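Under this note's numbering, the residue at position 86 of the sequence shown is numbered 86, and the numbers go up by one with no gaps.
Simulated from the structure, these hints should not be mistaken for laboratory data.
Only a predicted model underlies this, so the values are computations on that prediction, with no experimental measurement involved.
It is possible that some hints are incorrect.
Restricting the straight-line Cα-Cα distance to at most 25 Å, the calculated cross-link-like pairs of lysine to aspartate or glutamate (DMTMM-like) are [unchecked claim]:
(1) 182 to 112
(2) 182 to 154
(3) 182 to 97
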Amino acid sequence: MSLPRLALLAASAGVLALVVVGLLELGGGSSEQASRLTPATIQARLRGSPPQLAALHAQASRLLPGGLGALRARLASLQGTPVVVNKWASWCQPCREEFGAFQNVSVARGRDVAFIGIDSADSRAPAEAFLRSFPVAYPSYFDHSGQAGAAITDSTFTPVTVFVNRHGGVYIHQGPYPDAAKLERDVRRYAMGG
1 MSLPRLALLA
11 ASAGVLALVV
21 VGLLELGGGS
31 SEQASRLTPA
41 TIQARLRGSP
51 PQLAALHAQA
61 SRLLPGGLGA
71 LRARLASLQG
81 TPVVVNKWAS
91 WCQPCREEFG
101 AFQNVSVARG
111 RDVAFIGIDS
121 ADSRAPAEAF
131 LRSFPVAYPS
141 YFDHSGQAGA
151 AITDSTFTPV
161 TVFVNRHGGV
171 YIHQGPYPDA
181 AKLERDVRRY
191 AMGG
């Protein structure tokens, strides 16, 4: 085979690889991403939740100010309630991929478990835009510096999920959840169990 023909073949293979990767990225999300819930549906499904959980639902998809102090105060007010804290950022692709799982499980378990987000080491405008396009049943505390996220999750990694059971027992999961079923298992085991 001639050198120009070999170069053309290599270039064609490279372009084909890029097209395949792009198509996988577009269509390769979890089934949760394809079944996004609307804010109205989320609120309707969680109507009648206990007061401390209803207060979280009333702040759904909002970025709350106050940093670590406000987050710790909220967690203290939920003592005795199972809690799931998810540290995420709008720039974090694994975070974006697991958001469908958090959307669905926070609605399915939102009457029994408190869900809270930490938007860590992020910028406000992209985070708000992401939450508008992918609403969840709970608020996130805005943590531009990343200090609150690191303090609560004991990690600079993103995403990280912290499970706190009714007795204050803590389990930390590093990395993304591949699907709602795995997240649901861990919520039952680490937040609701014990």
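Consistency of the hints with the structure:
For a cut-off of 25 Å, the pair hint linking residue 182 to residue 112 stands: about 18 Å separates their Cα positions. For a cut-off of 25 Å, the pair hint linking residue 182 to residue 154 stands: about 22 Å separates their Cα positions. Restraint check for residue 182 and residue 97: satisfied, since their Cα atoms lie roughly 14 Å apart, inside the 25 Å limit.
Every hint from the earlier list agrees with this structure, and none is contradicted.
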